[in-house]
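Peer 1: In case you want the letters, here they are:
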Amino acid sequence: QQQVKQSPQSLIVQKGGISIINCAYENTAFDYFPWYQQFPGKGPALLIAIRPDVSEKKEGRFTISFNKSAKQFSLHIMDSQPGDSATYFCAAERGSNYKLTFGKGTLLTVNP
Amino acid sequence: NAGVTQTPKFQVLKTGQSMTLQCAQDMNHEYMSWYRQDPGMGLRLIHYSVGAGITDQGEVPNGYNVSRSTTEDFPLRLLSAAPSQTSVYFCASSPTGTGANVLTFGAGSRLTVL
Chain A
1 QQQVKQSPQS LIVQKGGISI INCAYENTAF DYFPWYQQFP GKGPALLIAI
51 RPDVSEKKEG RFTISFNKSA KQFSLHIMDS QPGDSATYFC AAERGSNYKL
101 TFGKGTLLTV NP
Chain B
1001 NAGVTQTPKF QVLKTGQSMT LQCAQDMNHE YMSWYRQDPG MGLRLIHYSV
1051 GAGITDQGEV PNGYNVSRST TEDFPLRLLS AAPSQTSVYF CASSPTGTGA
1101 NVLTFGAGSR LTVL
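Here the protein sequences come in this chain order: A and B.
Each residue of the first sequence is one higher than the one before, starting from 1 at the first, in our numbering.
Each residue of the second sequence is one higher than the one before, starting from 1001 at the first, in our numbering.
Honestly, the hints are just simulated from the structure, not real lab data.
Errors might be hidden in some of the hints.
[Claimed, not checked] Each computed DMTMM-like pair below joins lysine to aspartate or glutamate, with the alpha-carbon atoms no more than 25 Å apart:
#1 Lys58(A) x Asp79(A)
#2 Lys99(A) x Glu1030(B)
#3 Lys5(A) x Glu56(A)
#4 Lys68(A) x Asp1026(B)
#5 Lys5(A) x Glu1072(B)
#6 Lys58(A) x Glu1059(B)
#7 Lys99(A) x Asp1073(B)
#8 Lys42(A) x Glu26(A)
#9 Lys42(A) x Glu1072(B)
#10 Lys15(A) x Glu1059(B)
#11 Lys42(A) x Asp1073(B)
#12 Lys42(A) x Asp1026(B)
#13 Lys99(A) x Glu26(A)
#14 Lys58(A) x Asp1026(B)
#15 Lys71(A) x Glu1059(B)
[Claimed, not checked] Partial pick of chain A residues on the chain B-facing surface, computed with a CB cut under 7 Å:
#16 Pro40
#17 Pro44
#18 Lys58
#19 Glu93
#20 Leu100
#21 Gly105
#22 Pro112
[Said to hold, decoys possible] With beta-carbon atoms standing in for the labels, derived distance ranges:
#23 Ile18(A) x Ser1080(B): 23 to 31 Å
#24 Lys71(A) x Thr1020(B): 22 to 30 Å
#25 Asp1056(B) x Arg51(A): 34 to 42 Å
#26 Gly60(A) x Ser1084(B): 28 to 36 Å
#27 Pro82(A) x Arg1110(B): 35 to 43 Å
#28 Pro40(A) x Gln1022(B): 16 to 24 Å
#29 Ser1069(B) x Lys57(A): 19 to 27 Å
#30 Thr1086(B) x Lys42(A): 30 to 38 Å
#31 Ala70(A) x Pro1061(B): 39 to 47 Å
#32 Asp53(A) x Gly1051(B): 22 to 30 Å
#33 Asp79(A) x Gly1016(B): 51 to 59 Å
#34 Ala1082(B) x Lys71(A): 21 to 29 Å
Predicted model only: the values in this text are computed from it and were never measured.
We put the CB at the ideal spot given by N, CA and C, even for glycine.
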């Protein structure tokens, strides 16, 4: 049972465009939703995270939108740059049980 | 600070061989974990530890053993390697008690089982 579903699998965006990656979850007990960014040959790194008590969180060009009733959350990358080309993973955690459940990832390519 | 250090970076094994992937962190993190990353499958939790002497299973624990004798080290053992264990393995750590699991990942260990 896949608890966090991520789409699309891959995404190509032109420089300056908006990249949007979506995730849906099933377990309503999840209460922490981070996004991780992974460059080729590197380990993932935390990009931005949100809790369900807020509907949106913005850090620079990166924004998480959260819809608790729909059990969905999304990452928006504004003014996408070639340096943003990476694989992005959404994830979810329940309480403090230290078990992050990851989505399958989205390969983002930003063309110059 | 070195962060999370994994060794080796690359390893080729034959079916049935055993080996240990090493993971060390110098951030005094209580929580450590092992994930495997396979194409199209994302990151899947193998085992984790919330402190020295305490380990627990994740989503895909079969075929792997772990132990945690010190805060710094969390080795992952493959007792009898199988081709299905060909993957990239990531070790990650996090401070305890945050309630929000901010993981610091190592650079990964790429394992091929022939």
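Peer 1: Take a look at whether the Cβ-Cβ distance between Asp79(A) and Gly1016(B) falls inside 51 to 59 Å.
Peer 2: holds (52 Å)
Peer 1: Does Glu1072(B) lie within 25 Å of Lys5(A) when you go C-alpha to C-alpha?
Peer 2: Not satisfied, since the Cα-Cα distance of roughly 33 Å exceeds 25 Å.
Peer 1: Determine whether the Cβ-Cβ distance between Asp1056(B) and Arg51(A) falls within the hinted range of 34 to 42 Å.
Peer 2: At roughly 24 Å between Cβ atoms, Arg51(A) and Asp1056(B) fall outside 34 to 42 Å, so the hint is violated.
Peer 1: Closer than 7 Å between Cβ atoms is the bar; does Lys58(A) clear it against chain B? Give me holds or violated.
Peer 2: Status violated, d = 18 Å.
Peer 1: Determine whether the Cβ-Cβ distance between Ala1082(B) and Lys71(A) falls within the hinted range of 21 to 29 Å.
Peer 2: violated (36 Å)
Peer 1: Taking the Cβ atom of Gly60(A) and the Cβ atom of Ser1084(B), is their distance within the range 28 to 36 Å?
Peer 2: violated (40 Å)
Peer 1: Can you let me know if the beta-carbon spacing of Ala70(A) and Pro1061(B) is within 39 to 47 Å?
Peer 2: violated (33 Å)
Peer 1: Interface hint check: Pro112(A), Cβ to nearest Cβ on chain B, cutoff 7 Å. Holds or violated?
Peer 2: Violated - the Cβ of Pro112(A) stays beyond 7 Å from chain B, reaching only about 26 Å at its closest.
Peer 1: Do Thr1086(B) and Lys42(A) keep their Cβ atoms within the hinted range of 30 to 38 Å?
Peer 2: Given about 20 Å between the Cβ atoms, the range is violated.
Peer 1: Can the restraint linking Lys71(A) and Glu1059(B) be considered satisfied, given a maximum Cα separation of 25 Å?
Peer 2: With Cα atoms ~22 Å apart, Lys71(A) and Glu1059(B) stay inside 25 Å; holds.
Peer 1: When you check the alpha-carbon spacing of Lys42(A) and Asp1073(B), does it fall within 25 Å?
Peer 2: holds (20 Å)
Peer 1: Any CB of chain B closer than 7 Å to the CB of Gly105(A)?
Peer 2: Holds, because the Cβ-Cβ distance from Gly105(A) to chain B comes to roughly 5 Å (cut-off 7 Å).
In this structure, the hints that do not hold are numbers 4, 5, 6, 8, 10, 14, 16, 18, 22, 23, 24, 25, 26, 27, 29, 30, 31, 34, in rising order.
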